[in-house]
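Undergrad: Line by line, the protein sequences are chains Z and P. In terms of the numbering used here, the first sequence opens at residue 1 and continues consecutively. In terms of the numbering used here, the second sequence opens at residue 1 and continues consecutively.
Calculated directly from the structure, the hints in this document are not laboratory data. It is possible that some hints are incorrect.
[Unchecked claim] Result set (BS3-like, lysine-lysine): computed pairs, CA atoms no more than 30 Å apart in a straight line:
(1) LYS333(Z) x LYS217(Z)
(2) LYS378(Z) x LYS30(P)
(3) LYS91(Z) x LYS269(Z)
(4) LYS30(Z) x LYS269(P)
(5) LYS333(Z) x LYS30(Z)
(6) LYS26(Z) x LYS26(P)
(7) LYS378(P) x LYS391(Z)
(8) LYS26(Z) x LYS333(Z)
(9) LYS30(P) x LYS269(P)
(10) LYS26(Z) x LYS314(P)
(11) LYS378(P) x LYS269(P)
(12) LYS26(P) x LYS30(Z)
(13) LYS333(P) x LYS391(P)
(14) LYS378(Z) x LYS26(P)
(15) LYS91(Z) x LYS30(Z)
(16) LYS174(P) x LYS100(P)
(17) LYS378(P) x LYS378(Z)
(18) LYS333(P) x LYS314(P)
(19) LYS104(Z) x LYS91(Z)
(20) LYS174(P) x LYS269(P)
(21) LYS174(P) x LYS391(P)
(22) LYS100(P) x LYS30(Z)
(23) LYS30(P) x LYS391(Z)
(24) LYS391(Z) x LYS26(P)
(25) LYS391(P) x LYS378(Z)
(26) LYS30(P) x LYS174(Z)
The model shown is predicted, which means the values in this text are computed figures rather than measured ones.
2 protein chains.
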Amino acid sequence: MKKTVLIFGLLMANVLAAQEIPLNAKEVIKSFYTEALGEQQGYQWLHHLCTEIGPRPSGSEAANEAARWAQLEMLQAGADTAWLQPVEVPKWHRGAEWSKVISKGVTTVLPTTALGGSVPTPLEGILAEVVEVDSFEELERLGRAGIEGKIVFYNTYMDHAMISTFNAYGGAVKYRWAGAMEAVKHGAVATVMRSVTLLRDDLPHTGAMSYGDSEQKIPTAAISWQAADKLSQMISSDPTAQLHLYLDCGVQGTAINYNVVADFNGSVKPDEIMLVGGHIDSWDLGQGAQDDGAGCVHAMQVPSLMRQVGYQNKRTIRVVLWANEEFGLDGAKEYARWAREQDVHHWVAMESDGGGDVPRGFGIGADEARVKMVRGFKELLSPYGINVLAKGGGGADLGPLRGHDDFFIGFRPESQRYFDFHHSARDNIDAIHPRSLEMGAASMTALYYLLDNNEDE
Amino acid sequence: MKKTVLIFGLLMANVLAAQEIPLNAKEVIKSFYTEALGEQQGYQWLHHLCTEIGPRPSGSEAANEAARWAQLEMLQAGADTAWLQPVEVPKWHRGAEWSKVISKGVTTVLPTTALGGSVPTPLEGILAEVVEVDSFEELERLGRAGIEGKIVFYNTYMDHAMISTFNAYGGAVKYRWAGAMEAVKHGAVATVMRSVTLLRDDLPHTGAMSYGDSEQKIPTAAISWQAADKLSQMISSDPTAQLHLYLDCGVQGTAINYNVVADFNGSVKPDEIMLVGGHIDSWDLGQGAQDDGAGCVHAMQVPSLMRQVGYQNKRTIRVVLWANEEFGLDGAKEYARWAREQDVHHWVAMESDGGGDVPRGFGIGADEARVKMVRGFKELLSPYGINVLAKGGGGADLGPLRGHDDFFIGFRPESQRYFDFHHSARDNIDAIHPRSLEMGAASMTALYYLLDNNEDE
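With the rest of the complex left out, here is chain Z:
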């Protein structure tokens, strides 16, 4: 498998960078898929992570249990070293939470969840009239006269017409992140929002919010899609309808969680590190199967599949599972701080944090030459559904390495279903399709195998 041949622009007309592609690359790549789809090791790992360990929110003991489990699995898979890097993280607490509308003498319960970072309500909850807005612009127009003393209801949507649901998420998530800090400027007493999802169902979706530099912190929650429809109808027909919101939640100091760092040493260039990672934490409502258990087992499978088919990596494959992505990127920041301090560089770094659906492609955050180098692999990857090799990419946990390293890759699975599950009680093992998950792992392994056989230009 080690015999290679130098090919200049043979695969595609637009390949500018020199490429070393092993003679039997097609067969080796096929073997990754055959192994992954047959053994389904990644799905078995994910099943354990989801059903035996469960939700892994910031500061939880479950996050540490998951880190220790992954460390052991990596050692059993043949890692030369696997260690846990302590990270100080906020300890997130969620207790009881509910809301109900009182209108025309009838009380209607709305499926409700506190946004991550929200302060609690008083013990008696908050009872107030509701003012609905569709944007920050409408909030500004209403001003203090329309807002003060009320609960602001952000009836905002992901854009259903966007084909990339991640782009649609990017457009809608600002109301989750900044809704409270904007509303409080006008005297709001709390905020609720339509959950950031495209599925028209009845489960609320949480996610991080920020108070920015607000002096006053107001409770903030998400309600389900169907609850948002109901609430909008009710306050439209009865502007004096009141919402009663109760949230027992909040940040309770800090705790120690851990990054997992497992090295599978390279046989030729052990000092050139190919990082592959996902984040081991999850939100607390579900098992974190799609977000980001899938990314963790994807990363764990890359060196494991190489070993299983008998391929010896030339460069060092480093699996990193970051602590607390969801609630402040603490793990990624600590790992990057350490890498800078130790002068550890990564020849390439790849992240999987888009879920476990079938592979569609990769985003490549690198200079033109490396983008073209990766695009030169397209003919070898397209039989597996990899059709998009886009410029620009990486992921949230790679962000802190920017400026320190210069070659980032983000795995891009099919995105249509992702926000059905995202940050909700639906993000459980049954959100995962075993074959689709395994195809993602094999695709990431195939790309790393090709890169491992490539000279840096």
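Assemble chain P onto chain Z, guided by the hints.
TA: Just chain P, lined up with the frame of chain Z:
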């Protein structure tokens, strides 16, 4: 929207055929997706078909109810004509069905379903030892000495390593189709098989079988994946283990079902027909959501989406929903017989019978010039995940038109999940992801819009 410009090979270097692409094609195509993803008309139709009408097996009254419903929906969507074409079909009956293994004094029930077309067992069932084979070759090797008086167990698999699950299906389905007729040659008294699926679950999957010209017809059934694992283990540890199989099923004469034929007349070339279809029947175990309710609503949406965005088709769009694909292609044969008799030709004919997952591409069964013409649309379709425009295609229900017409297209959605549901009690509305379904409909509409604006070379 009607202003067009003649472009020669402008979009891609390899476009040989002349193409007329409307100036605002990008915008019109985008509008199909926006409309489909917003209104989700196809999903609403499919929800009705699945939950209000339900399973639609050959010869059932439900198949006729579905045909009448689709006829009305097409008229309401603006069809100029919509009629029902009678088709004589076998009337399939399924009653109680079960099997159990008796080994070492313990009885173990196996999830079991009769294959479509199987004769029933006697009232007391069939009790016999089991002989496991992994192929027709092994069946031959064992011969009469090893088979006579026994139940043959085809412990055969779809090839998990194949990336196209439809190809894997093609390799495995021969044991379903011909298992009984081959086993009876060696004196088998019945056959059971591992269900033709890739999901390692506990539901059996049915599907058509044939006795060929066998004089003697033996009962034949499928058992679930997990039951096949159990049965194999049990007869391996106890070769005298017996299987008790009971099937109340069979073909009970014939009945009349209907093809639905709905025309949306073209404004410029009404005599040039662009057929788009799916099959209205389903197997009886589930609601036929993926197979082929999805294809039916895909087809129904093509003219409907055009009308909804204000596009007037130049050629006639004909929606055809065929009766009884599953159990003999009777509807497709009758439609093709009629077309030949009436000298009705189709400028192009497209079928959707691969389920409702996200679009991946189309297969084009046509001469080289038309394949290249369609490939010339790739740049316009790839933003929506259409990356494969493969040579060769169409589908089972277009088969009878071959030799009569010469331009066939098969819609190709993502295939990884399809056989999880196929022909099983799992093929219900919750097998369908609304956005993915709608993206398929919009993709088919986009391609037909582009073809509608194309001159025949």
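Undergrad: When you check the alpha-carbon spacing of LYS174(P) and LYS100(P), does it fall within 30 Å?
TA: With a Cα-Cα distance of about 25 Å, the restraint between LYS174(P) and LYS100(P) holds, given a limit of 30 Å.
Undergrad: Next pair to validate is LYS104(Z) with LYS91(Z); report whether the Cα-Cα distance is within 30 Å.
TA: violated (41 Å)
Undergrad: Are the Cα positions of LYS30(P) and LYS174(Z) separated by 30 Å at most?
TA: Distance ~25 Å between LYS30(P) and LYS174(Z) Cα, so the pair holds.
Undergrad: Please verify whether LYS30(P) and LYS391(Z) have alpha carbons no more than 30 Å apart.
TA: Distance of about 23 Å is within 30 Å: holds.
Undergrad: What's the verdict on LYS391(Z) and LYS26(P), does the C-alpha distance respect the 30 Å limit or exceed it?
TA: holds (22 Å)
Undergrad: Given the hint that LYS91(Z) pairs with LYS269(Z), does the C-alpha gap stay at or below 30 Å?
TA: With a Cα-Cα distance of about 40 Å, the restraint between LYS91(Z) and LYS269(Z) is violated, given a limit of 30 Å.
Undergrad: Keeping to a limit of 30 Å between CA atoms, is the pair of LYS333(Z) and LYS30(Z) held or broken?
TA: violated (36 Å)
Undergrad: So if I understand the rule, the pair passes when the alpha-carbon distance is 30 Å or less; does LYS26(P) with LYS30(Z) pass?
TA: violated (37 Å)
Undergrad: Starting from LYS26(Z), check that the Cα of LYS333(Z) is at most 30 Å away, please.
TA: violated (38 Å)
Undergrad: Just to be careful, I want the Cα atoms of LYS174(P) and LYS269(P) compared with a cutoff of 30 Å; is the pair within it?
TA: violated (44 Å)
Undergrad: Hint check: LYS378(Z) vs LYS30(P), CA-CA at most 30 Å. Holds or violated?
TA: holds (27 Å)
Undergrad: Is it true that the CA of LYS333(P) sits at most 30 Å from the CA of LYS314(P)?
TA: Holds. LYS333(P) to LYS314(P) sits at ~28 Å (cutoff 30 Å).
Consistency note: the structure conflicts with the earlier hints numbered 3, 4, 5, 6, 8, 10, 12, 15, 19, 20, 22.
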